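**Student:** Given these sequences and hints, build the entire structure.
Protein chains in written order, with the working numbering: chain A, 68 to 303; chain B, 68 to 303.
The set of hints was computed from the structure by calculation and includes no laboratory data.
Owing to the predicted nature of the structure, the values given are computational and were not obtained by experimental measurement.
Take these hints with a grain of salt, some might be off.
As the list claims (entries may be wrong) - Chain A regions said to be covered by chain B (calculated; three or more residues, Cβ under 8 Å):
| hint | region |
| --- | --- |
| 1 | 206-216 |
| 2 | 236-249 |
As the list claims (entries may be wrong) - What follows is a list of derived Cβ distance ranges for each label pair:
| hint | chain 1 | residue 1 | chain 2 | residue 2 | range |
| --- | --- | --- | --- | --- | --- |
| 3 | A | Arg195 | B | Gln298 | 53 to 59 Å |
| 4 | A | Ser150 | B | Val200 | 44 to 50 Å |
| 5 | A | Arg135 | B | Arg257 | 43 to 49 Å |
| 6 | B | Asp213 | A | Gly142 | 39 to 45 Å |
| 7 | A | Thr286 | B | Val200 | 39 to 45 Å |
| 8 | B | Asp213 | A | Asp203 | 16 to 22 Å |
| 9 | A | Ser150 | B | Gln120 | 56 to 62 Å |
| 10 | B | Gln69 | A | Val281 | 22 to 28 Å |
| 11 | B | Val200 | A | Gln174 | 41 to 47 Å |
Stated by the list, open to error - Non-contacting residues of chain B with respect to chain A, defined by C-beta distances greater than 12 Å in every case (computed):
| hint | residue |
| --- | --- |
| 12 | Val72 |
| 13 | Ala141 |
| 14 | Thr153 |
| 15 | Thr211 |
| 16 | Gly224 |
| 17 | Thr272 |
| 18 | Lys273 |
Don't be surprised by glycine CBs; every beta carbon is placed ideally from N, CA and C.
There are 2 protein chains.
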Amino acid sequence: MQVDVIPTVNETRADELNQKTVIVIDVLRATSTIVTALQHGCPAVVPVETVQQAKQIQQPEDLLGGERYCKKIAGFHLGNSPSEYTPPGIAGRRVVLTTTNGTRAIQKAQRAGCLLIGSLLNAEACARAAFSVKRDVVVVCSGTQDEFCLEDGLCAGLLLRELSRLDGQPLPTNDLGLAMMLAWDTAKDRLEETLLSCASGKRLTKLGHRDDVVYCAQTNRFALVPVWKEQSLVRF
Amino acid sequence: MQVDVIPTVNETRADELNQKTVIVIDVLRATSTIVTALQHGCPAVVPVETVQQAKQIQQPEDLLGGERYCKKIAGFHLGNSPSEYTPPGIAGRRVVLTTTNGTRAIQKAQRAGCLLIGSLLNAEACARAAFSVKRDVVVVCSGTQDEFCLEDGLCAGLLLRELSRLDGQPLPTNDLGLAMMLAWDTAKDRLEETLLSCASGKRLTKLGHRDDVVYCAQTNRFALVPVWKEQSLVRF
Chain A
68 MQVDVIPTVN ETRADELNQK TVIVIDVLRA TSTIVTALQH GCPAVVPVET VQQAKQIQQP
128 EDLLGGERYC KKIAGFHLGN SPSEYTPPGI AGRRVVLTTT NGTRAIQKAQ RAGCLLIGSL
188 LNAEACARAA FSVKRDVVVV CSGTQDEFCL EDGLCAGLLL RELSRLDGQP LPTNDLGLAM
248 MLAWDTAKDR LEETLLSCAS GKRLTKLGHR DDVVYCAQTN RFALVPVWKE QSLVRF
Chain B
68 MQVDVIPTVN ETRADELNQK TVIVIDVLRA TSTIVTALQH GCPAVVPVET VQQAKQIQQP
128 EDLLGGERYC KKIAGFHLGN SPSEYTPPGI AGRRVVLTTT NGTRAIQKAQ RAGCLLIGSL
188 LNAEACARAA FSVKRDVVVV CSGTQDEFCL EDGLCAGLLL RELSRLDGQP LPTNDLGLAM
248 MLAWDTAKDR LEETLLSCAS GKRLTKLGHR DDVVYCAQTN RFALVPVWKE QSLVRF
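**Tutor:** Laid out in structure tokens, this is it:
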């Protein structure tokens with residue numbers, strides 16, 4: 068099982084994802100939010116690229132969620148903070164979600180043989196699901212505006228360590244995968260501090276979302292894995 | 068002092084390097100070879116992009132060096148193995164060098180306020196030189212064919228740790244810089260093994276250059292720093 072890591076959405080070539088399992092990561096905050104929503108009873112999240120698409124797709128019972136520049140979109144029910152995706156509001160309601168980087172990465176990975184959503188919150192479960200599918204894996208770090216993000220890289224490192232443990236042998240991976248496993252080994256015991264010190268963590272803290280960074284820095288809190296099925300993300 | 072790390076030559080934007088100190092890294096093998104050549108009495112290395120340019124620039128006393136696909140170029144005196152850049156052959160002879168990734172990165176960084184050459188072999192000296200220049204720093208990992216290379220990333224991590232030590236405080240850096248410092252912390256005590264396991268290390272080993280990988284994995288062996296001056300690399 069080859070497991071490669073891609074540093075940003077833009078370096079993802081859609082035609083290379085065919086036949087593979089793709090894990091999309093946007094720890095701060097899109098994929099952490101999607102995991103949280105499904106965990107709390109949301110039946111499906113529909114990721115779309117634009118605000119217009121979100122409004123077109125919306126059914127009467129749906130909630131609209133998302134952000135631009137880390138802020139809630141005018142007229143939407145929810146922003147991109149996982150703290151908003153909790154009961155009772157979220158239970159039983161489908162969410163149409165658009166964010167700057169994460170939902171774009173998911174759209175780009177649609178052609179994958181199997182598309183899973185990863186975050187620190189569900190990393191172990193996500194690795195188990197990917198392992199069970201028995202295909203080569205591509206881990207796509209969403210990044211921010213074409214720049215590599217530390218939090219996504221560290222989550223990739225954790226996923227690779229988990230996959231390696233499940234496989235019982237060193238994992239064939241690309242150099243970025245090797246680097247992320249090494250970085251994970253150093254950071255794992257001070258994850259909250261590390262996430263607060265990276266670019267997204269600092270930006271979110273400045274905007275009053277420090278609690279979100281702390282929340283998203285938790286590992287393996289949930290055993291749930293969102294999977295792409297009929298244009299939506301549902302439980303694996 | 069802001070110190071950012073760029074993952075590959077292609078992601079280097081020449082116009083962002085003005086006024087800055089740029090450190091180009093191609094551990095396997097171009098920058099390790101350049102450091103080794105100057106250490107052994109070569110007065111200057113002229114990096115060029117193409118084989119044709121190398122032949123045009125060549126003066127009667129010059130040596131031509133370089134590689135394509137890790138192999139010596141037909142008609143050239145030297146390949147790209149640092150073991151060839153040793154006395155007595157190299158002393159007093161200028162070298163015109165062309166390699167697939169490293170010399171391209173150097174060409175692209177020509178407009179920098181100050182352009183230095185880094186490798187594991189001279190990392191501490193290189194960090195000292197960069198620190199003394201008192202400009203913001205951009206560390207350019209050459210990579211291989213647009214792909215991030217672990218050995219360059221780890222060298223960047225070491226440079227950042229050294230710069231941070233010299234500055235006496237945590238270094239403002241981008242997320243890739245943070246990740247490379249974390250990866251360096253894990254890998255530093257098993258560097259030879261790590262370099263032998265990355266893509267370039269495995270490829271070079273397969274081609275019979277295992278000794279080069281082991282040689283290039285040595286840290287701080289030389290106190291010399293190549294610097295760009297009048298279209299050549301000379302001692303800082």
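**Student:** Now, for every hint given, state plainly whether the structure supports it.
**Tutor:** Going down the list of hints, with the structure as the test:
Coverage of the region 206-216 of chain A by chain B holds [criterion: at least 3 residues with CB-CB distance below 8 Å; count 3]. Closer than 8 Å: that is the beta-carbon criterion, and the region 236-249 of chain A has 7 residues meeting it against chain B, so the requirement of 3 holds. A C-beta distance of roughly 56 Å is found between Arg195/A and Gln298/B, which places it inside the suggested range of 53 to 59 Å. The given range of 44 to 50 Å is respected by Ser150/A and Val200/B, whose C-beta atoms sit roughly 46 Å from each other.
About 44 Å separates the C-beta atoms of Arg135/A and Arg257/B, a value consistent with the hinted range of 43 to 49 Å. Between Asp213/B and Gly142/A the beta carbon distance is about 41 Å. The supplied range of 39 to 45 Å therefore holds. One distance hint, 39 to 45 Å for the beta-carbon pair Thr286/A and Val200/B, holds here, with the actual separation near 41 Å. At about 20 Å, the CB distance of Asp213/B to Asp203/A agrees with the hint of 16 to 22 Å.
Between Ser150/A and Gln120/B the beta carbon distance is about 58 Å. The supplied range of 56 to 62 Å therefore holds. Under the hint 22 to 28 Å, the C-beta atoms of Gln69/B and Val281/A, about 26 Å apart, fit the expected range. For Val200/B and Gln174/A, the Cβ-Cβ distance of about 44 Å falls inside the hinted range of 41 to 47 Å, so the restraint holds. Its closest Cβ contact with chain A, about 9 Å, brings Val72/B to no more than 12 Å, contrary to its assignment away from the interface.
For Ala141/B, the requirement that its beta carbon stay farther than 12 Å from each beta carbon of chain A is met, with the minimum near 30 Å. The non-interface label for Thr153/B is consistent with chain A: the shortest C-beta to C-beta separation is roughly 29 Å, beyond 12 Å. Chain A draws Thr211/B into its interface by the beta-carbon criterion, the shortest separation being 8 Å against a cut-off of 12 Å. Interface exclusion of Gly224/B from chain A breaks down, the closest Cβ pair being 9 Å apart, not more than 12 Å.
No Cβ of chain A comes within 12 Å of the Cβ of Thr272/B; the nearest lies about 15 Å off, and the non-interface call holds. For Lys273/B, the condition that its CB be more than 12 Å from all CB atoms of chain A holds, with the nearest at approximately 15 Å.
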